[in-house]
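Engineer: Here is how the chains run, residue by residue.
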Amino acid sequence: MAMVDVRNVTKVYRRDAEELVVLNGLSLQVQEGDYAALMGPSGSGKSTLLNLIAGIDKPTSGDVVVAGTNVAQLGETELASFRSHNVGFIFQFYNLIPVLNATENVELPLLLTHLSKAERRSRALTALKVVGLADRATHYPRQLSGGQEQRVAIARAIVTDPKVLVADEPTGDLDAKSAHEILDLMGALNKDFGKTIVIVTHDPRAAERARTQHHLEKGVLRD
Amino acid sequence: MKFLPYLLKHLRRNWFRTTLTVLAISLCIFLFCTLQSVLAQINVLLDGTSAKRLVTRNSVSVVFDLPMAYASRIQSMPGVERVAMTNWFGGFLPARKEGKAEDSSTTDWSNYFPNLAVELEPFLAMYPEYQIPPDQYQALLADQRGCVIGRKLADKFGWKLGDTFYLESFIPVHRKPDGPFEFVVRAIYDVDPAKYPGTNTNWMLFSRKYLYEGTGQTLRAGTYYVEVRDADKAGPIAAAIDGLFENSDAQTRTETEKAYTASFVAMAGNLALLLNGIGVAVTFTILLVVANTMSIAVRERRKEIGVLKTLGFTSRQVMGLVVAESLLIAAIGGLLGIAGSRGIMWLLTNTPGIKDALAGIGLSEISLQPLVAVLGLGVAVFLGFAAGFVPALGAYRARITDMLRTV
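Which chain is which? The protein sequence lines are A and B, in order.
Residue 78 in this note's numbering is what sits at position 78 of the first sequence, and the numbering runs on without skipping anything.
Just add 1000 to the spot in the second sequence (first one is 1) and you have this note's numbering.
Because the hints were derived from the structure by calculation, they are not lab data.
Small disclaimer: the values here were computed from a predicted structure and weren't measured.
Hints may be right or wrong, so weigh each one.
As the list claims (entries may be wrong) - In the SDA-like style, the derived pairs of lysine to any residue whose C-alpha atoms are separated by at most 20 Å in a straight line are:
(1) A:K117 x B:L1321
(2) B:K1002 x A:R121
(3) A:K58 x B:D1402
(4) A:K218 x A:D57
(5) B:K1009 x A:L100
(6) B:K1009 x A:D34
Okay, chain A solo, but in the shape it has when bound (with noise of 0.2 Å):
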């Protein structure tokens, strides 16, 4: 059965009376624990195809079904419990809140369960552990490096245990001896954990990491 399973969507950008095709009928299917890799040039719509996997945009027209969801058809408060439940996003720059440090950020989503707090600083800390980063859990983003802060960020996608884990250029701003880490991570996730997994890169490292590699080109799929 496909994790993921994207059926001829379209997604139409409307700027003032300009209409801006950004998807066009694609279709994509991402089975399982699979871990597939989007490529493309800028503005090929990769990222758009991630937004919508993820549950943080709806398609113009056709349907996204992931974890057995039509993500297309669920209003505003269905999303927002469908992705807390099922995608763990992971961000270009990583996107950790100032204020809170590593444990707090990694526990930000468990605010939305019903889990004591006890609990709630026990999966963040595991976490964290996961991420090895178990050393830096009272320590701020401004105290991290970006391979560290990253790897925050990925603790915080994982602790909701989702289905699947999107990730949009999560090596995009990291040297290469922390992207080549956080890849490693990634391929664990994947491998040990069974996470599926679709990512956005332009890097042809990251993308030779994934077990499967799409290509799209003005919102169409070349495989």
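Following the hints, put chain B in place on chain A, whose structure we already have.
Structural biologist: Here is chain B on its own, set in the frame of chain A:
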């Protein structure tokens, strides 16, 4: 509650801005509570007045006196029930004892209370709210040194019937050459607080005759209290009294007791309007300041709001967080303002000199009423909500992809 630590952390993000915003709100609430407390106390004073009672004073100022001959002329006017001559004594405790006239430095200003020399029979007849047992009333009339004091005053000094004390006035013409006036407590008046909620029981009244004779029979009338038969005719009668003395050396100004008390307290203009005007202006200004601050705070965190939504926070939750943050700032500011207001009122009513000045205009018991404090907190909460709502609505409506795109 689980979001509270998150909110508190955000408040510390820009502690300087947060502190200034909290201080702005606290200043607003401080002013609101203090001004409203002053107004409440003035209203208590005014509520204790009667529409049937008029006060006639010198048209120039209350500090200038009037001829005693005016009494009979006012009394003879149609619609006038009775007239009582009064003089503001201005006595202080504890004063010099008889025979120690040379020592005038012992005047104690810290225990000042209002004291008035009146024509006892007509004056007390005008004040049915003063409940005096008949035997005490007779004893009061029988003893020229006798005085009647309110229950609160009796409790304050522990005075009982028959106790004596000395008072000396700060007004030179109210002093007698051989020392201060001696008074004997002959009556204690009570007031039914349910029936007459604004009536003070911290006054002292004594016979004007005692003052008149003690000061060498040169004393003129300070004010005339006039009771009219029909409250509806108080206005025309007041005008008629002033018309009667229009061409005399000492022209009069007659007004209702309420207006007289209000002018005596406020000394100028419509104090309530002025104070409320200041309060509204300050509140509105602070609202704009806080709204602007919250807008900036939300604009700075557009990306962060996008992240929260990506993590699964609903738009409503994000909106709630923004409003809650604004409310938290407002509540802290409000509580600080209330505490400050309470503190300043305590300071005013417990600082010698200031306390006495307040007592002189009937504001000695000014305090922060619970209702005013609750209202103050309500204003703070309103400020917080109003200031946070628009930025929160923006956060509510914003699309995640637009927010994340923010640089």
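Engineer: State for each hint whether it applies.
Structural biologist: Hints, verified against the model:
{"no.": "1", "hint": "A:K117 x B:L1321", "result": "19 Å, holds"}
{"no.": "2", "hint": "B:K1002 x A:R121", "result": "12 Å, holds"}
{"no.": "3", "hint": "A:K58 x B:D1402", "result": "13 Å, holds"}
{"no.": "4", "hint": "A:K218 x A:D57", "result": "19 Å, holds"}
{"no.": "5", "hint": "B:K1009 x A:L100", "result": "7 Å, holds"}
{"no.": "6", "hint": "B:K1009 x A:D34", "result": "39 Å, violated"}
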